[in-house]
Amino acid sequence: MSLPNIVTIRELSKEYRQGEINVVALNNISLDIAQGEFLTLMGPSGSGKSTLLHIIAGIDRPTKGVCRVQDIDVTKLNESRLADWRNQNVGFVFQTFNLIPVLTAFENVELPLLLTRLSGKRRREQVNTALELVGLAERSRHLPRQLSGGQEQRVAIARALVTDPKLIVADEPTGNLDSGSAQEVLSILQLLSRQIGKTVIMVTHDPKAAAFGSRSIHLEKGELTN
Amino acid sequence: MTIAGFIVRNALRNKRRFLLSVSSVAMSLFLLVTLQVALRELTNPINDEGSTLRIIVRNKVSLAQPLPARQLPTIERIPGVAAITPFSYYGGLYKGDEKFTSFAQFAVDPARALDLLSDARVPPEQMQAWIADRTSAIVGKMTADRYGLKVGDRMPFTGQIYPCDLEFKIAGIYQGTADDRNVMFHQKYLDEALGDPGTVGTWWVKASSVEEAPLVTERINKAFANTSAEVRAETERAFQLGFVSMWANIKILIGGISMVVVFALLLVTVSTMSMAIRERFRELAVLKALGFRRRELFAFILAESFGLATLGAFFGAGGAWLLYRTLDMPKLTGGMFVVFEVTPQMLALAFTIAAVLGLLSAVAPMIGVARTSVVQGLKTLD
Amino acid sequence: MALPLRYSFRNVLIRWRSTFATVLGIALVVFVFVLLQSLAAGIEKSSGNTGDSRNIMIVRKGSTAESASLISRENLREIQYFEEIARNERNEPLISADVLVLVSLPRIDGSGEANVLLRGISARGVELRPQVQLVAGRWFTPGKREIVVSSRMAKRFANFSLGQSFKAGTASLTVVGWLDGGGSAFDSECWMDADECRSLFERDLYSSFLARPVDEAAGAKLLARIEADRRFKLKAEKEVAYYQKQTMTAAPIKWLGGFLAIMMSVGAVFAAMNTMYASIGARTREIGTLRVLGFRRRSVVAALLIEGALLALIGGVAGCAIAYLWNGYTTATMGFETFSEIVFEFTVTPRLMGEGLIFAVIVGLMGSFLPSVRASRLPVINALKSV
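Chains as they are written, first to last, in the numbering used here: chain A, 1 to 226; chain B, 227 to 608; chain C, 609 to 995.
Treat the hints with care, since some could be wrong.
[Said to hold, decoys possible] Computed footprint of chain B on chain C, listed as stretches where at least three residues anywhere in the stretch have a Cβ under 8 Å from a Cβ of chain B:
{"id": "1", "segment": "629-636"}
{"id": "2", "segment": "687-698"}
{"id": "3", "segment": "706-717"}
{"id": "4", "segment": "720-732"}
{"id": "5", "segment": "819-829"}
{"id": "6", "segment": "916-926"}
{"id": "7", "segment": "935-941"}
[As the list claims (entries may be wrong)] Cross-link-like lysine to any residue pairs, in silico, SDA-like; alpha carbons within 20 Å at most:
{"id": "8", "chain 1": "C", "residue 1": "Lys775", "chain 2": "B", "residue 2": "Pro292"}
{"id": "9", "chain 1": "C", "residue 1": "Lys841", "chain 2": "B", "residue 2": "Pro292"}
{"id": "10", "chain 1": "C", "residue 1": "Lys775", "chain 2": "B", "residue 2": "Ala404"}
{"id": "11", "chain 1": "B", "residue 1": "Lys477", "chain 2": "C", "residue 2": "Phe867"}
{"id": "12", "chain 1": "A", "residue 1": "Lys121", "chain 2": "C", "residue 2": "Lys841"}
{"id": "13", "chain 1": "C", "residue 1": "Lys775", "chain 2": "B", "residue 2": "Ala309"}
Hints listed in this document are in silico derivations from the structure and should not be mistaken for laboratory results. Virtual Cβ for every residue (Gly too), placed ideally from N, Cα, C.
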């Protein structure tokens with residue numbers, strides 16, 4: 001069974017000036033990503049893999065080319081539309097977790113929902129569901145500093161899930177974790193893709209992490225290799 | 227690149243913070259200096275050489291109570307008295323002024339007053355003209371300049387204290403005293419307007435020598451003890467200080483506020499400058515790793531915080547000094563403030579405070595540097 | 609949609625150590641402002657509180673103060689028979705001729721002398737001022753060298769206790785009673801018999817007349833009549849109006865308070881800005897994350913502004929609280945109208961405290977504005993990448 005493509009990228013390029021040098025971050029990338037895939041982007045540092053991820057996720061713009069996510073060309077949306085779009089359609093997981101230190105786990109996961117019109121009751125339900133999925137329901141009242149690295153990242157995944165987005169985007173999610181926690185996190189991501197049908201796109205330089213994915217692509221100097 | 231250059235470049239790394247830190251120090255020191263100048267202007271009696279010989283004699287009841295004119299010959303005969311003139315504060319409202327007139331008018335006996343106005347410089351013909359014309363007056367140069375008055379002009383006044391309005395013809399302009407603002411006119415003119423009540427406001431007496439002055443005050447006081455108009459004679463300085471003591475509360479208030487300002491300033495600047503240095507822990511740790519000794523790192527920190535504070539003092543206190551030299555204070559404040567100058571002591575105080583500030587704000591970072599090992603310092607990524 | 613208030617609130621709490629100094633700085637600025645204005649408010653309150661709304665005060669035309677005015681007995685003889693003036697049960701016209709004398713008396717703490725306002729007053733004068741009450745002893749006997757001093761002045765000047773005497777001029781005055789002016793200008797006065805006063809201080813002329821007109825209409829007529837008559841050279845106005853105009857002492861204090869507050873607050877704004885730049889600067893990644901999650905720039909700016917305002921507000925509350933400790937504290941200074949010592953209380957009104965708080969909030973907002981806008985403007989990627 002072939003699922004429809006959720007992401008369609010055509011001739012995507014990104015250049016920028018760094019002082020006097022013109023840096024080519026991405027060079028004419030074309031790519032299709034199917035719904036439900038767990039795609040890993042690999043490559044050495046400076047290869048453009050993070051840039052590609054950022055463009056797909058709507059937090060950076062290409063210099064040329066098209067990136068459609070479910071029929072919406074994200075490269076054409078303006079700032080505020082993009083913000084709304086991100087809120088509804090993308091879940092982020094960062095290497096540095098990026099939880100808000102003054103909010104509890106529950107409140108952190110609830111944050112994206114505050115931008116929707118859901119009632120307090122519905123929000124609570126969705127947050128609890130997300131926390132249970134990552135196995136942290138009992139720690140919902142804890143502050144980030146009271147959680148271990150792995151727990152923090154799992155809360156971050158719950159936050160990424162809570163608006164039920166199509167895409168989960170993860171930038172080196174296990175970079176700051178010990179191998180045990182890393183395994184947990186990668187298993188959850190895999191579960192999201194295989195059993196819940198989310199499309200997961202993950203940047204990593206670790207082949208063992210990449211093994212959790214369903215497909216792997218390599219970038220070097222802004223171009224797809226292999 | 228020299229060490230000094232390195233320190234300067236470091237300090238300027240975050241230009242905005244540098245600017246803000248210097249500005250808040252400058253602002254607060256500017257305010258501190260201004261408060262002190264105002265205080266000094268309001269409370270310090272004006273001092274000149276002649277004042278050590280001069281004595282003011284007033285009614286013991288209060289300054290507002292007049293003295294009988296017949297006291298003059300008695301005082302004149304007292305040993306040690308070199309000169310005496312009536313000296314009555316008229317306190318009129320100058321034409322055009324709404325609520326108060328910022329310069330004083332005094333009724334005197336011009337021929338006698340010459341001796342007491344020893345510092346004043348008046349062209350002799352103007353002096354003679356004054357003595358000759360009963361309705362005339364001499365005006366201090368500051369007031370004359372302020373209102374654009376010259377010899378021959380008329381000055382009308384409405385009586386505030388005395389129930390009579392007077393107009394004077396300007397016979398001369400004087401300068402050279404510590405307070406070139408006043409108008410001096412004839413006591414006889416005032417007497418006529420009042421219907422000869424036979425009183426004066428106060429006596430202005432000159433002692434024959436500095437040693438005699440305190441003795442003369444005693445003799446004058448004794449001379450009128452138990453009469454119907456007992457007097458209090460005091461040296462001019464004591465008299466002025468007495469006036470000033472009525473302002474006691476204002477002095478305390480301004481003094482208190484100055485302390486508050488300094489304290490607030492200290493607090494804020496110390497904390498912000500410390501914050502600035504805390505951020506550069508990693509950098510300092512790297513320097514340590516490179517071989518710079520603790521001593522040298524302390525010197526860097528101190529140099530930066532001192533430099534910041536001193537710069538603030540320069541702009542704040544120095545700015546105040548410059549500002550008050552160029553501004554025409556009498557004009558701006560309607561005569562309320564005349565001199566308004568920043569003394570060297572005030573500048574010294576400001577720079578001292580800045581130095582203390584510099585020292586205090588370096589303390590916390592220095593302790594931090596001393597305590598943190600290179601490894602820990604390098605670890606501070608966040 | 610906005611960021612929850614608790615985000616701003618908790619950020620203020622969590623950073624209390626680094627922002628402590630700035631909060632204290634703002635507290636001090638507000639304290640100075642409120643204190644000085646409460647000084648002025650106290651002076652104004654005591655003069656605004658003075659006088660009976662029915663009475664009419666008559667002084668010499670052109671004099672700015674009662675103590676500087678001089679009016680003659682002939683004037684009294686004529687005016688007291690005007691039909692506009694009310695009469696008491698004994699059919700005496702309700703008009704009082706007062707003499708104001710300044711006397712230099714020693715302070716109780718030995719710190720020198722200060723001018724005290726003595727009012728030579730008649731029995732009818734006391735009647736016309738029902739606001740003034742006797743709180744100890746008795747009223748002076750006409751014809752005797754007796755004096756009733758303000759109870760508040762009694763605490764500040766030597767020999768003002770009941771039964772004590774002090775020298776004024778050639779004679780000795782005995783304190784027979786204490787009066788309370790009810791928080792008005794009369795709290796800074798001492799009263800004695802008018803005739804004794806005149807003979808003691810050799811005064812031919814009176815300082816002022818106080819009259820009670822029959823009614824409002826008669827009062828208006830009286831005012832017009834006195835103004836119109838050129839022989840008199842007198843000025844008549846309602847007693848309360850006269851005292852309300854005595855703003856010369858409060859005005860410079862108010863001005864000083866405002867001036868100081870503005871200057872100090874400029875420094876405070878710089879300090880707040882510095883603090884917020886540092887505090888916000890340390891959270892660039894956090895702010896980037898919020899924007900990634902979909903929060904708009906203006907929501908971020910709003911949350912940060914609220915943080916700054918809250919911070920400053922805490923300082924403001926502290927400043928008001930410390931200022932309030934001075935509320936009701938009695939103090940004195942030399943009044944510019946009378947050149948005598950005036951007693952009054954620091955009056956920290958709710959309105960003043962409100963002004964202080966608003967002031968603090970404005971300082972906080974001004975201080976956080978630039979840092980907040982700057983932080984929100986950063987492109988999301990740069991924010992995420994920062995250390």
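For this session: Of all the hints given earlier, name the ones this structure violates by number, lowest first.
Result: Hints 2, 5, 6, 9, 10, 12, 13 contradicted; others consistent.
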